[in-house]
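Protein chains in written order, with the UniProt record's numbering: chain U, 1 to 460; chain G, 1 to 460; chain Z, 1 to 460; chain H, 1 to 460.
Just so you know, the hints here were simulated from the structure itself, not pulled from any lab data.
Don't take every hint at face value.
A pair counts as met if it fits within one copy or between any two copies, since identical chains are not told apart.
Result set (DSS-like, lysine-lysine): computed pairs, CA atoms no more than 27 Å apart in a straight line [stated by the list, open to error]:
#1 Lys431 - Lys246
#2 Lys167 - Lys188
#3 Lys26 - Lys452
#4 Lys246 - Lys440
Protein chains: 4
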Amino acid sequence: MTKGVKIVTIGGGSSYTPELMEGFIKRYEELPIREIWLVDIEEGQEKLNIVGEMAQRMWDASPYDVKVHLTLDRREALKDADFVTTQFRVGLLDARVKDERVPLSYGMAGQETNGAGGIFKALRTIPVILNIVEDMKELCPNAWLINFTNPSGMVTDAIIRYGGWEKVIGLCNVPVMAMMTESKLIEKDPKELIYSFAGLNHFHWHRVQDLAGNDVTGQIIDKMYDEENGMPANIHGVPFFKEQLKQMNLIPCGYHRYYYRSEEMLNHMLEEYNDPNVGTRAQQVKQTEAELFELYKDPTLSEKPEQLAKRGGAYYSDAACETIASIYANKNTPIVVSTKNDGAVPDLDPEDVVEVTAYIGAAGARPIAFGSLEPAQKGWLQLMKNMELCVEEAAVTGDYGILLQAFIINPLIPSGETAIHVLHELLLAHKNHLPQFADKIQELEAAGVEVKDEVVRSLQ
Amino acid sequence: MTKGVKIVTIGGGSSYTPELMEGFIKRYEELPIREIWLVDIEEGQEKLNIVGEMAQRMWDASPYDVKVHLTLDRREALKDADFVTTQFRVGLLDARVKDERVPLSYGMAGQETNGAGGIFKALRTIPVILNIVEDMKELCPNAWLINFTNPSGMVTDAIIRYGGWEKVIGLCNVPVMAMMTESKLIEKDPKELIYSFAGLNHFHWHRVQDLAGNDVTGQIIDKMYDEENGMPANIHGVPFFKEQLKQMNLIPCGYHRYYYRSEEMLNHMLEEYNDPNVGTRAQQVKQTEAELFELYKDPTLSEKPEQLAKRGGAYYSDAACETIASIYANKNTPIVVSTKNDGAVPDLDPEDVVEVTAYIGAAGARPIAFGSLEPAQKGWLQLMKNMELCVEEAAVTGDYGILLQAFIINPLIPSGETAIHVLHELLLAHKNHLPQFADKIQELEAAGVEVKDEVVRSLQ
Amino acid sequence: MTKGVKIVTIGGGSSYTPELMEGFIKRYEELPIREIWLVDIEEGQEKLNIVGEMAQRMWDASPYDVKVHLTLDRREALKDADFVTTQFRVGLLDARVKDERVPLSYGMAGQETNGAGGIFKALRTIPVILNIVEDMKELCPNAWLINFTNPSGMVTDAIIRYGGWEKVIGLCNVPVMAMMTESKLIEKDPKELIYSFAGLNHFHWHRVQDLAGNDVTGQIIDKMYDEENGMPANIHGVPFFKEQLKQMNLIPCGYHRYYYRSEEMLNHMLEEYNDPNVGTRAQQVKQTEAELFELYKDPTLSEKPEQLAKRGGAYYSDAACETIASIYANKNTPIVVSTKNDGAVPDLDPEDVVEVTAYIGAAGARPIAFGSLEPAQKGWLQLMKNMELCVEEAAVTGDYGILLQAFIINPLIPSGETAIHVLHELLLAHKNHLPQFADKIQELEAAGVEVKDEVVRSLQ
Amino acid sequence: MTKGVKIVTIGGGSSYTPELMEGFIKRYEELPIREIWLVDIEEGQEKLNIVGEMAQRMWDASPYDVKVHLTLDRREALKDADFVTTQFRVGLLDARVKDERVPLSYGMAGQETNGAGGIFKALRTIPVILNIVEDMKELCPNAWLINFTNPSGMVTDAIIRYGGWEKVIGLCNVPVMAMMTESKLIEKDPKELIYSFAGLNHFHWHRVQDLAGNDVTGQIIDKMYDEENGMPANIHGVPFFKEQLKQMNLIPCGYHRYYYRSEEMLNHMLEEYNDPNVGTRAQQVKQTEAELFELYKDPTLSEKPEQLAKRGGAYYSDAACETIASIYANKNTPIVVSTKNDGAVPDLDPEDVVEVTAYIGAAGARPIAFGSLEPAQKGWLQLMKNMELCVEEAAVTGDYGILLQAFIINPLIPSGETAIHVLHELLLAHKNHLPQFADKIQELEAAGVEVKDEVVRSLQ
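Okay, chain U solo, but in the shape it has when bound (with noise of 0.2 Å):
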């Protein structure tokens, strides 16, 4: 890496890549940075132009000299990268509509990470993640994947388990969220306290000590229920009943109000549904992203602006940054990543993908082991990381047994008839992403299976 280091990002037309510039000027100084490559498909096309031309603007406005490169051509990005960072959307946004509105039309949560949105996404994800793994070993055997597409633990299950390739680290912005904001309640920095997460992207339990060694997460639990407590702005604000978290002693995150308070989340998810002025999440942040696209298309706006903020990803973008850098100047910076368990969680295989606080800087992810659960939580954990294997296993193999199973044994999806018209009018609603399922789609077009939804319908 003498001659500075060669960054490629693989759906680079995204409204975040501009927290991602961001995220590397402020950094340039330790992560000195060559050139920039930003991939995009031909539908991202406009958008990638927009974002990049931004993106250029960003590091023309900085004192160093870096050049943004545009293209379509994944191959020829990828040749001699030292990083690769990973932020597509198969299918786009419209896909993410699909997620969530399919299964709402039918009175359940669609969830784009771990119910039946999540599971559709880490199907039209993981072959597209497999075939870029096999262009990097070829093209940039010793590069890094850092990948923050959702679902981004599974995703990065996959990347080890199926792709064989080790050098990866899933990232996601939760837990960063869930240090910021704790930390105001009790009133300290983040640097003064110590947080150890475990678990599963979009679902781990953290503890934090202080810098007396002592134990303050039930301190910071009753602060939760004193005050206004900070969410992420994608998740709907109902709180855990106080009680539970007391009796863990350890604090979810945001995600968990999914499983931990399932009948709220899923009421106001079908408000919003159901309120035309209002759309489901997907609906919010697609009108959100086309605002931003706007903003961004002003020749004289060099920095990132402030609407980024509302998009839901705050602190991503910096989280992927402080990763770079921390494996590039081997700066051993505690982050919390997906990464393979090794053993940090030993409830789970040591070869699953986990979601851990770990020491991040040239060996990769160093995860810090957090011990054994107690069974209210490690149930549940044993019960998504094996949901997880089956939708992977479904994604890679297409058998439809599988994800039949996956889509049961979901707690967010309840059992039964309507949970198999969700699964078949998800099959139809994505079938051009879903290659590995032609058969069984075709056999559910032969018998007149039709999507329901209006709006999904239109985006067909």
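The hints should help you fit chains G, Z and H onto chain U, whose structure is shown.
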């Protein structure tokens, strides 16, 4: 045991007792019983008398001279017992009515074994059984405890884990039922098939082999969809999704319908709940029981009446008698029982109680190692066992937080505010049998929480 | 199997064959054999003829009409076999002489099963047995493979792990011997005791219960020190330390003397080695075998001769015949066998082959879950299994580094330069039977390494 | 800790103390010490005075105002301590002489950490450290215990397991030594390499990566055979077998020579034992210590003398000071420590103490998950940990049977009659420090057992 065997049945006033007697009479040559003690509590005195006299008539009509003792003095009965069987129901059938109706009044499955109802049955039963174990340590330290009180798995686990009593075997009739019906499906005698069960009580799977050693599980699954498949009388007959069963190549137990077809099972229960002419399963059973006791009163009746089969526990007592005879005569009979895992189900802790095929002989249950389960089964099994552990801990400690956790992670209970209402009303409905939760109950009463279901209110 | 069972014995020219015949004749009513094929290699032709004629005479003297076929054509024999038994010895008894004498020439135990000798026996045998398995996949894919070729545990493990053949059961006579002698010690019939074995071949422990379910292990241990304790003919009779046995409350197997009394065992072997009138065990066995074959030549002999008991494998063939009959007639007989763990010994991986009490029937071996062992047993067991895994890998890959590791971690081989000499001389001594190590052997020869023991040199 | 840190060193009269002082002085700016208490027992009064005065002189020569208190009153010292370090030796160096000479007098390795000697060191030390922990619970319940008393792994494990004290970190200088010497081998600064250690104290392996994330373990191994490899002063320099190291692609610790080259290590120790001009390591150390104390007496000396390096514990105290500073200042320094596993070494129980690379900060040690080891390492590691567990149990209970088991399974002790002699003589030799074995010792004395080694007899 030179003078013959002394058997004590706690909950002897149960309508099942005649079946138990029939089982003992049938096996008298290998299990020479000297005396039988039927124990009950004051509220059950009348039933005890009716069924006790019936029991004595059955023996009198047999070639064997066995005395049936009736008593309310448990300690007197336990003295020098060889085998103690438990079939009591704390709070009688009315408690089961509450277990079922309170959740259903909120549109939620009550399900008396693993759902909200089953949790409360465990909370009521575990402290009582631990008392019985304390008496046994003193009065009959060499006796075997044969438990068929539900939830049989959790109760058996608590007996070992918290009672420190290892000579216990938990029984259930579900596996026997499965073996009887499935062999018919492929036109075999049950003896021509080799069944291997693994999992938890009311949450297990099995595979089947024929005498050539071939796996015929898939063949049975196919037949289940060809013809009318016999199911336990107490489970509504919605079929499993065939693709799921083919994928796992295992046969789930009947109770898995609550998990694998939760939508349909809930709808069926709600239908019965809402139809005043039907009522929940407990109400139906109450009716059946009343009829049975009318029959038992007939001083000329000295045989188990046909109608008992409708009660839903067919083969239950037969399994119990066969277990006792197998221990006594070291028969090495393969029976599906709840027993300490010891590794038989490697996906759970060796110390956990599991339900597996075991060879029963003088050394008790020797569980057969089943091997690891595939992800879809493994994950859910691990969740359920950990849910059980939370319930047991709540039963023993009276800790509300851990009880709340059990409710939240239980897959039959959608988490949220409604679940809390159900939890609170169940605490109130069962207050006389939950001394460990006295403080919480008082708090709820002070806060004006009330049971809403009229039928349950009428039973208070 | 309608026309009766076809049995194939590989290594049919062994002196054990008459015992095997006796076992089959005794069980003919439950195991109706149609034909027996004794297979051997060219070097064994003469012995095959002698013992084969003897075998036919035994059947002719019985009421049953069974034809004993003798052949050097393994593939012809395997065609449509129902059961294949293996009792061959690659390199014949001379190889065992080398296994024992080379280590002893350096003052180190040779020990033909788990020590240096056993390691080399595995290296020679595993590739051959994997070839046999390949033939079976083609010629008799439904047959059961009953292995008594030593080291039985490693060979059985390799058959499953590397051969992918699950229908295999490994046998050993050590547990039978223990059960016969121990029951006498406390004046019981073996049928009045319940034995539970767990561990590895030649490295297991067992507990014993009586028909009242009481643990009588301690009682037997006490008796072992009162009276003359019967031991296998092939193990020198030094007693275990009583305090050790009382502490574990388990009975080790005879071969544990090599580990628990290694000093005395080594001294005894060295004594025999140094006495030209005695020689190592293999040399003694060669003598016994020669005498046996003289007897077998007698055309009037049609019964197993008394002298066979001296050979050291008493009950071996009986265990094999009983295993085959139990599978054929689904007898559910408890037999101690080497089989896939599946959790029975939770301290080892479910995929490992272990030696445990199992119920043998049409479904093969159903191992009984034994539960976790205490530290002192557990640690050593884990070491031995991992040592076995290194040996198997070396046998299959011919990797010298992993073979060296097996030598260094084997507790019967003191690590250091002398161990390397032993390792190298054994490679040379067995060069004709270790094609996978051809390169290393060539390198050693080029370096002028030579076998020092005169007897071994004379056998080259 | 607003008024500065209070440090208590138990065994403060040790010759190591000046190194400890040097380490604290060097780190004063980040670890502002208020007072240091050196505690010793009456037999150590003279040494305590000598080294204590030397320590005060060192501080006086520094720019910092720190008072060194000398006391025989442990409880006075512990009051309100922030950090307690332990470097005491029950029975002083004479006890180590016995640990080494008794086994060697029977031709067996004494080895003061994991062999027979180490077992006895643990038996003497564990009860004392558990007493200290009881005092700490009362007098300084928030203090950290930094243990460098050997056998550091077993002692640390016992503190957690039997003492119930979680705020403990066990230290050893072996990993530091390895890191210093190995980086030189490949001409790197230690900071340019990333070390990952896993295993047990004096029984661990490590891998090494460079700043490009590449595994350079094999490169270092190659260099170890090119040049003179630096080894700990207290381990004889026989090289490992290169093929073994290449196979494992890990670097064992220096103490692994006792296991991987046991023949040569034993011969070396016997040579020293038999040479009256050399003597065992303990005797050599006694000589070095005497010389050191002569130096310390010099009232003009206020710097750690060069000769201390010969003592064999170089970097020991440095590791301790760095650990304390890292906790105090939350430095997140990667240090190799003995700490609760929590899954870091998945082949051992999460509750076991292991020795691993951990990040040390205000929350104590956060062990890095290493992942599963390969069979050859795994098996032996599991044996050693279980051996440790037997020793700890023996230390706490005084049970002779479990002590015998530890002896028999310890790979450095050939089992048999000679081992029993060694065991018995060691019990006698240490009788004043083994109150828990008083009965057994009395029995041995009554039976006339006597220590044979003259040197040991002279120390009684």
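Practice item. Determine which of the earlier numbered hints do not hold for this structure and return their numbers in increasing order. Key: 3
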